[in-house]
Each structure stands twice: as C-alpha cells, then as structure tokens.
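Colleague: So the chains spell out like this:
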Amino acid sequence: MSTVTTPTPESGGLAPDAAVTPAKGIGAKKLPIIFGVMTALLAVVLLRSSHAGDTTFQLAADTDFVTLPDIVVPSGPTAWVMVVLCLALTAEAVRRMLAHTRQPVWVPIAFAVAWMTGFLSWAAADERIRLVSLFAGAVALAIPLVFGALGGVLGERAGVVNIAIEGQLLFGAFAAAVTASLTGSPWAGLVAAMVAGALIALILGLFAITYFVDQVIVGVVLNVLVVGLTNFMFRQVLAPNSDTLNSPDRFSAMPIPILGDIPLIGPVLFRQTPLVYVLYVVVALVAYALYRTRWGLRVRAVGEHPKAADTVGIKVNRTRYRTILLAGAIAGMGGAYFSLVSVAGFNREMTGGAGYIALAAVIFGKWDPIRATLAALLFGFASNLQGVLSAIGSPVPSQFMLMLPYLVTIFAVAGLVGRSRPPAADGVPYRQQ
Amino acid sequence: MNDTDKPQPDPQPDRPEDSAGQTLTEPATEDRQQEERSRSVLREIVSGDAMAGVLAVFLAVFVGSVMIAATDEGVRETASYITARPSDFFTALWDAISGAYSAMFRGSVFNYLLTEPAQQWRPLTETLKFAGPLILGGLGVGLAFRASLFNIGGRGQMLVAGGAAGYVGFQFDLPTVVHLPLALIVAMVAGALWGGIAGLLKARTGAHEVIVTIMLNYVAYYLLFYALTKEWLLKTPGSVNPKSPPMKETAILPKVLGDQFNLHLGFIIALVAVGVAWWLLNRSTLGYRIRAVGENPHAARASGINVGMTYTIVMMIAGSLLGLAGANQVLGTVTSGVSLDLDASIGFDAITVALLGRSKPLGILAAGILFGALKAGGFTMQASENISVDLVLVVQSLIVLFLAAPPLVRAIFRLPAQEAK
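Protein chains in written order, with the numbering used here: chain A, 1 to 433; chain B, 1001 to 1421.
In case anyone wonders, no lab produced these hints; they're calculated from the structure. Take the hints with a grain of salt, since some may be wrong.
[Claimed, not checked] Away from chain A, derived, C-beta distances all over 12 Å, residues of chain B:
1) Pro1086
2) Leu1093
3) Leu1182
4) Leu1271
5) Val1274
6) Tyr1288
[Unchecked claim] Residues on chain A that point at chain B, a partial pick, calculated with CB under 7 Å:
7) Val213
8) Val216
9) Val220
10) Val221
11) Asn231
12) Phe232
13) Arg235
14) Gln236
15) Pro397
16) Leu402
17) Met403
18) Ile410
19) Val413
Glycine residues also receive a C-beta, built at the ideal position from the N, C-alpha and C atoms.
Here chain B stands alone, though its shape is the one from the complex (with noise of 0.2 Å):
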C-alpha cells in the first residue's frame, strides 16, 4: 500500500516534488489536458492536505466551542428549560461561543473597542511578541524533524539556555553593544551543548533522541532549580523564592515599536532566523545531508553521508534555536529575572508550531504567528469573558491531532480518499 512512505531505495532528497512527474506525461490533446487539470485541481482543493489542514482548523474550533458552551453558566441553566424556551437557550449559547471569539479576535488582532488607532492595533503586536519564540522553538524541532530526530527536549534546552543568558545578563556589566549580543551567544552556546548530547549519544550509543531528550528536560530543569538556589549562580541575594535579579538595561532586548508597545527585537531575531534555516535546508551543503540522512539514513550513509556527526550538528542547531527561544523570554518578554518557569511551555508548544508548519520555515513563520495569536487572545478571553486560557491549548493540540490524521477528518467530513499517487 502505501509506498510513498517507506525510504526509496535511491535516496534523491531534494526530488523536485512538483515538476518531475507531470514531464513525463504523455502529450495529450489541449482540451483533455485542460479538463483533466481542472478536474484535478477540484479534486485537489477538496482532498488534499491544504483541505484537511482547514478542516482540522475547523473541526478543532468545533471542540473548542463544545467546551465553552458546555460550561458556561447561562448555557447551562437555558439547557434545564429548552423545551419550553429554546430561544433562550440558543441566544445564551450565541452569547457565550462568540464573546469568546470575539474577545480572542480583540486580544489578538484587533481591538475594536478602543478608538486611537495606535491602541487599536496593539493586540497584533502582542501575538508577534508570543510568536517570536514560537517561530525560534518551532524552527529548532522542525529541523530535527527534517533530520528524523524527534526532539521533544525543548524545554530543556530552552532552560539551560535561559539560565546562562540571564547569568550574562545580571552578573555582567558591559555597553550594550557587547553585551546583549554576548548573551544571546552565550544563550545559543549553550542550547546548542544541551541539545548536542541528544545528538551524539544517538550517533555514538543508538540511544533514542525521544528518551534522552525527555530525561535531560528534566535534569535541565534541576540543574536551573539548583543554580537559582546559589547565589554565586543565579540566586537573588537575600531573596528566598528561585529566582535571579531582573536583567540588566544594557542586555534587554530594545523594543521595535516604541516603548507602548511589547514587541521587542526577538521577533525580528525569529524572522532572520527563519531566513537563516530556510537557506540552511535548501540551498546549503549541510541542509542537503539533514534531509538525505532524514529521507533514509541508510542510503545517506552509503553515499558517504557521516550520519551520526549530521545528527549530533542537526541536534546542536535545533539546540540553538531553542537557546534562542530562551533567551527571548529571559531578555525580551519577562525580564525581571530567571525563574523555573521560564519556558512558558514554549518547549512543548514548538512541537506543534514544528508539526502544524510542516517542518518547513515558511510553514513554522504561519504556524508560530496563528499560535501566538492563539496565545495572546487566549488571555484577554480570560480577563474579559473568565474562560480559561487552557482552552487554547486544547485546541492547539486538537489541531495537530486532527492535522496528523487526513484519513480521519476525511472520514469526519465524508470527503473523498486521496488519491493514492
């Protein structure tokens, strides 16, 4: 069945996806040919991935809908007497799955409540602010995926990243021009070794990168509890609670905006990062033998491909990228200092930025701008209409799970199967 899956024997890792097969068609009469592309097109828009992917949308909104219907109060108390008045019921129901997506769409985008343009638009510059990280995380899993790694220790490498660029950013003082950009290495450095190990253990010993990197979440996350109860660490002196001094002026990442709005330089950090990967991958030597070694490891080594140094690079990049992440949080969006809880579940969300973008750069830029929209308008949902902001997360992994699974939500939808190609 299906073959598309397995490794091809061959291993032709930058195959051009889209023109190959259509030169080899036989010349058909123009009219044919025009129906017949037509009709695949057609077929194409209500089977294909692009389809599914809206429909996951959908069909994970849908859920998340179900939810909030289902447990808000004026819902519940019209449900005790819909024979008699279902009206009721149904404008309670209205009221309380478009107050929240309407307050969704004021935190995230635009608030139309306010009237001075600047403060209108605001809203949108808070979801770049939580997509800066995204992007930077889900670039970091995406390109392991391409590689065949499973990295799932992004919080990890997100820790151990943010405790060494918050150490530069109060223990040291420099102008700014060394210092912000010192931290930021520092940061990537230290990802970068934090996720090498998932790497080279693989390359060396077979071990799992999925366990390693579970397990070394873990002791990153001792590891950080332990430095911020020293003081010659990261320790607040005099404090008891786990957390360090707030940053330094000279190693906060500027705001972009003016100092009314929250958006600082780690977006931007994230946009060039995007740029950076998307050449990595296709234009670079180094990008060819992640994919090759990730389409068939097998094949990559015998064309002379070093597997186990490409896993241990491809592991110490992604390990930047997440150092990244975390050094946004620590420098840009909390600086009052290093805290346990740094990552703001960042390392789990990039898995699903990473997974609904497809592991592509330009699929994670999309993918890590709607969660942070999701993010963002999550919040005011809870201060204005007091639905948890947890919702977002469910939805967020309904997506991906919706998103996983084309079959099923064809299924769902009575759509016809893709074709087999």
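For reference, chain A alone in the conformation it holds in the complex (with noise of 0.2 Å):
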C-alpha cells in the first residue's frame, strides 16, 4: 500500500478499505452458488403456479424484408426442459470449481439465455412476447445509462469520483429541450445538451480538483443544486412560455439502409434514432481511446497513481479537467434522451434517478467502458422487460423488477458478484506537494 504520499482512502474515494475491513474471501464459488439459486428460484416459481397453454415469441418486425416465422412452445414444459438445461449448467460450473479451471464467458451467458427463456415462457403463458420490440425498448431505454455510465468511467478512471451524473442528464436535457426549441434542430439541443453536462462537470472540476473538496460531496450537492435550478426555471420560465421555449422537435427513428433489413439484429440495432447511432461511435471511441492511445494511458495512470504519472511530466490537474469536461460532455448527451428522443419537452425532475443506475453501471461494469455498457443495456433490458410484463398481466410485481439494478449493484460492491475494485486513487485530490 503506497499511503505515504497520497492521503488515505478515508479522506474521499469509493475504493473499500481493505486495511480496516479485510474482505472475506468468497471466490471461485460464487458462481455455481448464483446458477443454484437462480435456478432453485425458477423451479419453485413453477412448481407454485404453473400455467397451461402455448407462449408465443415473435421474431419478426411488421416491416421486415425476410418475415420470421413465430416461434410457439407449450409453456410449462418448454419452462421445465429450461430448468435442466440450468441444472446441466451448474453442474458443468461445479465441475470447473472442482477441477479449479477458469469459468469460461461462455457459461453464465448460455445460463442467463436458458433462464430468461424458461421465465419468459412461464411469466407469458397465452401470450405473445415481441422479441423486436422487448430488445429495441430496451436498447432504447439504456441510451442515457450508457451515456452517463461512460461519463462516469472516465471521469473515475482519472480518479474523480462524479456522483453527479444525475445533474449532468438533468441539465442536459433541460439545455437540449430549451436549445432545440429556440433553433429548431435537435441537433443544436444536443450539442447545449453536451455543453450542459461539461459545465456541471466543470463547477464539479473547481470544487474537487482545485479546492479539494470531498467529491462525493460536491456531487451530491451537485445534484440538489441542478434540481433546484432547472425546478426554478420550469416553473419561472419554461412553463408560461412552453410555445416557444419548450416544445422540441423530436430526434426521430432514422433506419440505416441495409443493416436495418438483417432480421432480428436490424430492427433492434439499426433502426434506431440517430442518438443511439451516436452512442455506438462514443462506447468504441472511449473503449478504444481508453485502452489504445497515449491520452488514454495517461488518464489512467493519473487514476490510478497521481505521484508517479507527475514524476514523469504528466500535468495530473490538467489531466482530470479535461478528462471529466469531456466525461461531462458524454453525460449531457444521455440527457437529451430524456427531452429529445423519450418525450419532446423538459419536464420536473425527468431523468427520474437514472444518474445513479447510470453510477450503478460503472461499479458494475469494474469501471471499464465496454462492461459498463453491457452492464447499462441490462439495466435497460430490466426495466423494459418490468414494461412489457406489466402490459401482459405478469405475476411477478413490476417493483421488484424496477429494485433489480439497484440490487444487483449491491450485491456487485458487496463482492458476491464479481469483486469490484475501482482506479486506486479514485476520489482523492492531487495536491503537488
């Protein structure tokens, strides 16, 4: 531990403090425990109540160039046969714990599809589930997680932590909603939506980087202020103007030619509105600008140790300015979903909390761009299958679908789902001495 130079992880940062409270260990076990109790869970969800009939998944979109043909299974045993198949895989995980070999990315994703496939079918017995549109709303509904999660990786990668996620979607989508209806190009609202995101991050920048100020603090605060603000500025402004100040044209769904006439793939990935196609761009950026460039290395090295990447020249303050203004900018744009893309128009407190599912997915994700964003799609995917179930009559109470990201980020720090460990100097002002 190299605590003599900086100051120690209680003066801020997210990282646990391993010193005072050693983790218990609980390893290579964790995943055959997961598979047995997911599937134990969905063995006594059938065996309490089991449903007769046929479920019927839909593959194809109304408007696709090759039609799919419908999918339909008897849903009790189809959920049955998934059980085994979960079953078969706990059984390989335990024989790979045994055998003391690495888990391989192969198992728990056939494990996860066989799972979904035997709830679905049991949650939408004699009905009818869109797959199209179950994954496009989800894709869909992930577009500001994403954005803000990336914002939060980078702005933790360079070591500050930014709470604040949640003011900059906010602010964001309050500038892109009044931009976008003074100019009337979405575009222009996205840009101020960026510009939004970059200057909370910038009064974020003055408070923890120059002042040393707590960072979870400002952040919080951070987000108190921007409610506040944008409330004020609704209720003073926006709404007795709303012709003219706040009714957007909307970013509309703009299909790419022939990606988006793949079945399945195409109208999930490609017929999208031109936010989500800007989103592709920014995740492969970021991941490849993270890992792969000089800016890249240094904002990481100056993450993860201050000192040395000042030993070498590396100006550590300017380095995570320009990283959260950045990181900021890639926030803001999530927050155009909300007034440009969800809805046309700001409206109170919009973004709904989705800045901190957003946080939820950078510590899912081990802060690593490409991770948070798979983690930000199943958060999404989450949240749009609670909508779909809910619009079937599901047995299962949309709430305890909604608590599930936030639950499964607890369970991530706690360390029973993979072990988080955030950039080592995550949280803690630079001071040159």
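Hints in hand, dock the two standalone chains.
Modeller: This is the structure we're talking about:
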C-alpha cells in the first residue's frame, strides 16, 4: 500500500478500504452458488403456479424484409426443459470449480439465456412476446444509462468520483429542450446538452480538483443544485412560455438502409434514433481511446497513481480537468434522450434517478467502458422487461423488477457478484508537493 | 502542505482543540500578549471559518437574488429601456427582490401584515415544524460523518421507517400511551435495520457505504411502492392510489401549542435527540469510539476498537434518527396517510443540514432551524410572490458548496488566506 504520499482512502474515494475491513473471500464458488440459487428460484416459481397453454415468441418486426416465423412453444414443458438446462450448466460450473479451471464466459451467457427463456415462457403463458420490441425498447431505455455510465467511467478512471451524473443528465435534458426549441434543430439541442454536462463537470472540477472538497459531497450537492435550478427555471420561465422555449422537435427514428433489414438484429440495433448511432460511435471511441492511445494511458495513470504520473511529467490536475469535461459532455448527451427522444420537451426531475443507475452500471461494469455499457444495457433490459410483463399482466410485481438494478449493484459492491475494484486514486484529490 | 487533514499517527480523538496549543506558548510580556491576541482575534474574524460561513450565506443569497431578478417580468420589461429610464429598472429590481425576501420573512418568522399577536408569530411555529425532521435527519447524517461514513441513504431510511410507522399507525387499535410510543419505536427499529445494512456491508465486505446507501434508497422506494399496492400491508381498500388510510388519532403526535398551531411533538423529540446525540458523541464510550474511527480507522483498530462493529452501530443509530424523521412526517406533519413522497426530500436536505452544522449536534440544531425557516418562507414566497419554492433548494445547495470551499469564498472577496495551523 502506497499511502505515504497520497492522502488516505478515508478522505474521499469509493475504494473499499481493505486494510481496515478485510474482505471475506468468496472466490470461485460464487458462480455455482448464484446458478444454483437462480435455478431453484425458477423451479419454485414453476411449482407454485404452473400455467397451461402456449407461449408465442414473435421474432419478426412488422416491416421486415425477410419475415421470420413465430415460435410457439407449450409454456409449462418449455420452462421445465430450461430448468433442466440450467441444472446442467450449474453442474458444469461446479465441475470447473472442483477442477480449479477458469469459468469460460459462455457458461454464464448460456445460463442467462436459458434462464430468461424459461422465465419468459412461464410469465407469458397464452401471450405473445415480441422479442424485437423487447430488445429494441431495452436499447432505447439504456441510451441515457450508457452515456451516463461512460461519463462516469472516464471521470473515475482519471480519479474523480462523479456522483453528479444525475445532475449532468438533468441539466443536459434541460439545455437540450430549450436550445432545440429556440433553434428548431434537435442537433443543436444535443450540442447544448453536451455543453451543459461539461458545465456541471467544470463546477465539480473547480471544487473537487482545485479546492480539494470531498468529491462525493460536491456530487451530491450538485445534484440538489441542478434539481433546484431546473425546477425553478421550469416553473418561472419554461412553463409560461412553453411554445417558444419548451416544444422541441424530437429525434425521429432513422433506419440504416441495409443493416436495418437484417432479421432480428436490424430492427433492434439499426432502426433507432440518430442518438443511438452516436452512442455506438462514442462507446467505440471511449473504449479505444482509454486503452489504445497515449491519452488513455495518461488518464489511467492519473487515476491509479497521480504521484507517479506527476513524476514522469504528466500534468495531473490538467489531465483530470480535461477528462471530466469530456466525461461531462458525454453524460450530457444522455440527458438529451429525455427531452428529445423519450418525450418532446423538458419536465421537472424527468431523469428520475437514471444517473444513479448509470453510477451503478459504472461499478457493476468494473470501471471498464465496454463492461459498463453492457451493464447499462442489462439494466435497460430489466426495466423494459418490467414494462412488457406488466403490459401482459405478469404475476411478478413490477416493483421487484424495477428494484433489480439496485439490488444487483449492492451485491456487486459487496463482492458477491465479482469483485469490483475502483481505480486506486479514485476520489482522492491530488496536491502537488 | 495540508497536514491537518491527514489523520494523526497517534490518535487522540478528543484532543482539546483550544487549550493544548496555548499552554505551550512561551510566556511573553503582558503588553505584547494583549496586542498579539487582539490582532489574532481580528485575523480570526476576517480569515476564520465563521466569516467564511457568513460570506457563503451572503453569496448564496446574492445568487438567489440574481435568479429572482432575471426571471421577473417587471425587471425584464424595464431592462429593455434601461438606458432611457434607469430608475424604472432599479425600482422593479428592488420590488422583485425585496418582495421575495420580505415574503420569506413573513412566512418564516413574523408576519407583520397581521394584527393578532398569535397569528403574527404563527410563521415561527411553522419554521420549527419544518425544522424538526431536518434536525433529526441532520443528526443521522452528521453522526455518520463523525465516523467518516457518508450516509446518503436518508431517503430510504425515512421511507422504510415511515412505512413501518404508518402500518402501526393505522392497522393497530391501541390506547395513545402505547400506540404512539410503539409507532415511534417501530420506526426507529426499521430505520436502524435499513441503515445497519450499509454499516454491516461496509464492515464485512468493505462495500462503500455511499454506493450501498444510494442503491438502498431506490430499493426502499420500490418496497414501499409494493407495500402501498397491497391491502394487507399499507394500501387503502378500494382505492387506486398508492396511499395508505389516515393515521388513527391515538398514533398522532400531539400539537404542543394548541390546535391553532401546527407545531407538534416532533420538534420536542428533535430537541431531545440533539441532547442525546451531544451526550453520545462527547460523553460516552461509544462516542469516543465513533470519533476515533472517524479520525483514523487504522489507529483506532490498533488501539483495540472494533472498527467494523462501530461502523455497523453508528449506521444503525443514524438510521434510527432518520427513522424518527420519517415517523415525524407520517405521524405529525402529514397524517392523512403514508405516500411515496413522505420523505419530502428531507433525506437529502439532511445532508446539507449536517454539512452546514459541521456535524456537531448544536450546529445541526441551528442549521436545521435555518433550513426550516427557508422551507416555511419558501412556500409563502411561492404563494404570494409567485416565485418557485425551488429557489430555496438552489440557495441551500449553494450555501453548502461555498461553505465546503472556504478558499474559494476568500478568493472571491479577496480576504487573506487562513494561516496554516
């Protein structure tokens, strides 16, 4: 532990303080245990209320070039087959654990698919599950989460904890709505959202980097500030002049010619709004830049060991400022989703805690852009699945589905689902000696 | 540079801050001592924390005034011909800002527009009514701060505790002497359990309490939401809204100044809690442990304090205090039934109260009353001047931001920098 030069972790940072509270190792036993519990859960649910009837999985979108046929399966038997499959995969995980070999990545993926299929065929007995709209909706709902999570990942890799993602989303949504209404162009709104997010990041940097204020405190207070500010402006200015200031044009769906015609994948990924295509580019750029460029190396160095970075001539605080400004702009773009894609126009506190789910995705994604994106997609899927299931009257209470991302994150930080280790200097201000 | 921020290698958590340094100084001549002292007092006033605090409030109020002026119709109209008739502009400016702040004063302290003394002072009781849960919540957050834990879970702890108190409040039929205390105790236990999760997870797995408490806020929200959709838990039979039936008369916190004032027992409970928290922190063994862990967990551990246990206990106490704040809402301020917005953003306001009060019980008492006044005044301002009550949120968060960075405030006002201790 190199706590000689940097302030101790208690002064900020989200790092679990290993020296004070030693982690109880759960180790490689985790995967089989989780599998076992999940399989048992599914089996219990099936035993308690088994449905007769068929479940229809519709693969085709309404306007497909090549129309895929529906898949109709008997719901009870299919669910039980999936339980058996899950058991087999659990056994495989146990075997690998006993043999002390690594768990390959296909095992959890196969398990997740089997479990989900079993669950859906039980939950949607006598109903039709439109897979295309289920996944396309999940992608759409995940947009702000992915943008927010990318902003969070960038900031924290540079050593600045950003609790203010929520504030950046909300301020981005506000700026996007006003600017798009004034200029008549949603693209101008998107740029304004980026500026707004970067502005919040600038305030965060001013207090956290220049004045060494606890980053978590600044983040929390900034969120409150943005809520107050946008609510105030909404009531005093936007609501009375909603024709001129709060009626933007929405981004409309823009199918990509050939890619959009691929069955299943096309309608899910390539018949979305332009914001989604921007998202693809941003994810790729951030992932590439963070790991494959000199800039990314510097950002990570500053977040892991600022003292060492300073020694080799990297300007620590300047790098941090630049990174969080960029991160803020990315998070701000996510805000545009709320007022330019989801609905047209700004409303009070319209982000509804998405920034905190994005923060959860950062941690669940282990501070890695790709994993955080996948985590955000998973959370988007969970919330869209909840919507689909409550629409067909599923027996699972929607509140428990909505709770899922938060519960998963608690398990993740508690080390039950993979160990999350933040960058070493995350949340620790750097004072040049 | 800043050595004071680092934990001391040899922890003396209750080191007497004022006396120790002075007794060691060399005895100088009487005159020079006198002179030195008066100069240091002067320096303390311009460079000390107190001045920074006052200036922080001043800055925040100034920003608030700018926002009022910028969004005021009259100001904007007169601004268009400001070069022709500047007096119109300044009159409108003065009207907008003074109108807002005098409405705040009328709503929070003393309403000079009324004639009957009882009615004139009524706003002050409203202030105290709002201050009650803010103080309780501020104590909950502040106590955790002293153990260097950041409890952002106030909202969740209030929701769970408020739901539990509400359940006892309308499902049970009991005499008042049993019913009300039972509801309060259940709320404290529920809050303690919910807060304890974060403490326990930190102690056992090292999971950071900030993340856990944020996530638990949402889990609590959806749990309460679920409970409000089930009749065997909290839902009103036959209603479609997620709201519980009103509280039974026997579970409601009694009014302390008679029925014409809304001030209820919750404020008295908050005062008692301030006393208990002060005693706990400054006079008890547990408080010593809490402060030792907060100053330096490594050293506390080396000197035989069970750090994990302290984390868990302090989060449980914090949760029970926020639980009382939740009960205060459900059983005192809004007795018409449990709803999803029962926390009325107190869970987050409590953070700013604790920060403004420097995590000291008496400071939190003062900060709670100040923010209670802002809240009470804000509603009057919205009603009479048509200025959104959300302005209070802005002013509140700006106060805390400026307060957290005294060097920034000094830079703005060009004050001398604080001497390094």
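Colleague: Against the structure shown, which of the earlier numbered hints fail to hold, in ascending order?
Modeller: none
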